[in-house]
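Engineer: Now for the letters of each chain:
2 protein chains.
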Amino acid sequence: MRASVGLIGVGAFGEFMLPYLLPHCRIGAYDPVRDLEPLSERWAVVPESLEEVAAKDIVILAMPVQRMADVCRQISPYLKPGAVVLDVCSVKEEPITAMLENLPDHVDIVGTHPLFGPQTGANGITGLRIALCNVRGDRLDCVEAFLSKELRLKTIITTAEEHDRQLAYVQGLTHLMSKIVVEMDMPVLDHTTETFDIMMKMVESVRYDSEELFRAIENRNRFVGETREKFFDAARTIEERLARPGPKTDSD
Amino acid sequence: MRASVGLIGVGAFGEFMLPYLLPHCRIGAYDPVRDLEPLSERWAVVPESLEEVAAKDIVILAMPVQRMADVCRQISPYLKPGAVVLDVCSVKEEPITAMLENLPDHVDIVGTHPLFGPQTGANGITGLRIALCNVRGDRLDCVEAFLSKELRLKTIITTAEEHDRQLAYVQGLTHLMSKIVVEMDMPVLDHTTETFDIMMKMVESVRYDSEELFRAIENRNRFVGETREKFFDAARTIEERLARPGPKTDSD
Chain A
1 MRASVGLIGV
11 GAFGEFMLPY
21 LLPHCRIGAY
31 DPVRDLEPLS
41 ERWAVVPESL
51 EEVAAKDIVI
61 LAMPVQRMAD
71 VCRQISPYLK
81 PGAVVLDVCS
91 VKEEPITAML
101 ENLPDHVDIV
111 GTHPLFGPQT
121 GANGITGLRI
131 ALCNVRGDRL
141 DCVEAFLSKE
151 LRLKTIITTA
161 EEHDRQLAYV
171 QGLTHLMSKI
181 VVEMDMPVLD
191 HTTETFDIMM
201 KMVESVRYDS
211 EELFRAIENR
221 NRFVGETREK
231 FFDAARTIEE
241 RLARPGPKTD
251 SD
Chain B
1 MRASVGLIGV
11 GAFGEFMLPY
21 LLPHCRIGAY
31 DPVRDLEPLS
41 ERWAVVPESL
51 EEVAAKDIVI
61 LAMPVQRMAD
71 VCRQISPYLK
81 PGAVVLDVCS
91 VKEEPITAML
101 ENLPDHVDIV
111 GTHPLFGPQT
121 GANGITGLRI
131 ALCNVRGDRL
141 DCVEAFLSKE
151 LRLKTIITTA
161 EEHDRQLAYV
171 QGLTHLMSKI
181 VVEMDMPVLD
191 HTTETFDIMM
201 KMVESVRYDS
211 EELFRAIENR
221 NRFVGETREK
231 FFDAARTIEE
241 RLARPGPKTD
251 SD
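Those protein sequence lines, which keep their order, are chains A and B.
By this note's numbering, the letter at position 188 of the first sequence is numbered 188, and the numbering carries on one by one without gaps.
By this note's numbering, the letter at position 65 of the second sequence is numbered 65, and the numbering carries on one by one without gaps.
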């Protein structure tokens, strides 16, 4: 019999995962605000109550990091002994702390961060990366085996601290720059270079991300403040360099 | 008989053009600092004096915009009546003014900006874009026909002002952001997303550009100051937005 999965939170990422997970398991889904009936007409996913989805073999928490501690407390009474709980947050220290502090000892916990989303995974997820942090119990190996063998993802086993240190650059910087470009509200341009086209590809890959995801990336990672400071320091250094006279071939 | 071309300035871009131009013309080249003998062993290009290269049917000025006015004055006595002079600068108003003011009336002038370079054209230039501004005379059509039919570039006929307005974003912004990232001197990262990989592709496409090119793009375009102001204003707006409490699902 296929494993039963409870999906809590069916936003852009939760929905994106469905076609990849459904061939491998039965999924019951719960979302506190979204009506899941239309979704269940399209996919073989069963809308259920929070109590029901929390009682599955595997429980995936796919909500903003900002909601994690509350939801962990809500589902705790319903979790089965021996179940494994996973999150998919873009930061790892905060949700892992929330899970450790609020989930009962009789469940195993694995933190995950799929390093892609609906835009960057639009053409399939084979070969894309996912970061994994073991939190409690010994289920990391089977989670890792499923992700690499069945979904053909490239798994990166890491710690919450190392993940957040790296993602402070990897997402902190790219999402900041992309949101700045969006905020600039540029005119339509057709005299474009390859480099500009690449920049716009970066911008488009995050343009439709939720404000909550952006806030999680920028505000819920204790290392990202330093990245943003470095960014603005570097910007000032470049501005100062441009204001100084150029090399000697520069005629003024 | 194939047209004779004089190439003045054999930097990264001048050298990059050689294999594309050599099948169509004989090229004499001059550079004020670079020894061209090694280059002439690799390509069928003849190192010549400034007087000699200036006396060709077609003269290509491939030097930094900062040098344009001086070089125009230097070559003026040697230019053939009916010759056509082209530049390849990344901005257009300043070099076009320099050519108009300093080149004799008996030569035609076309301003060009190939919207690619050695990095972004590394896999060939077919389909890449080039901006063209007619400056003096009626040779734009034959330049345009050569570039689109023989080199298979996508030509964009424009004015110096419209070009510089657009490139203030297209290059002003991408080169600024890329130089900021380079200046940040990030640690080696392996927990990377597709979006980060795209950003690094942008950064790598300009990382090895000369400081002079960067200064031309940022300092020799009268519209770029406004772009940089908009960029920093947008950055401040984003910073302020992040500092305010989030939407109501945000638990703090």
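Keep in mind that the hints were calculated from the coordinates and are not lab data.
In this text, all values refer to a predicted model and were calculated from it rather than measured experimentally.
Please note that the accuracy of each hint is not assured.
Same chains, same label: a pair holds when it works inside one copy or across any pair of copies.
Claimed, not checked - Below 30 Å or equal to it, Euclidean Cα-Cα: the simulated BS3-like pairs (lysine-lysine) are:
hint, residue 1, residue 2
1, K201, K154
2, K149, K80
3, K201, K230
4, K80, K230
5, K230, K149
6, K201, K80
Engineer: Decide, hint by hint, whether the structure agrees.
Structural biologist: Hints versus structure:
| no. | hint | in the structure |
| --- | --- | --- |
| 1 | K201 - K154 | both (23 Å within a copy, 21 Å between copies) |
| 2 | K149 - K80 | within (26 Å within a copy, 70 Å between copies) |
| 3 | K201 - K230 | both (24 Å within a copy, 20 Å between copies) |
| 4 | K80 - K230 | neither (46 Å within a copy, 54 Å between copies) |
| 5 | K230 - K149 | neither (39 Å within a copy, 47 Å between copies) |
| 6 | K201 - K80 | neither (44 Å within a copy, 46 Å between copies) |
Checked against the numbered hints listed earlier, the structure breaks hints 4, 5, 6; every other hint is satisfied.
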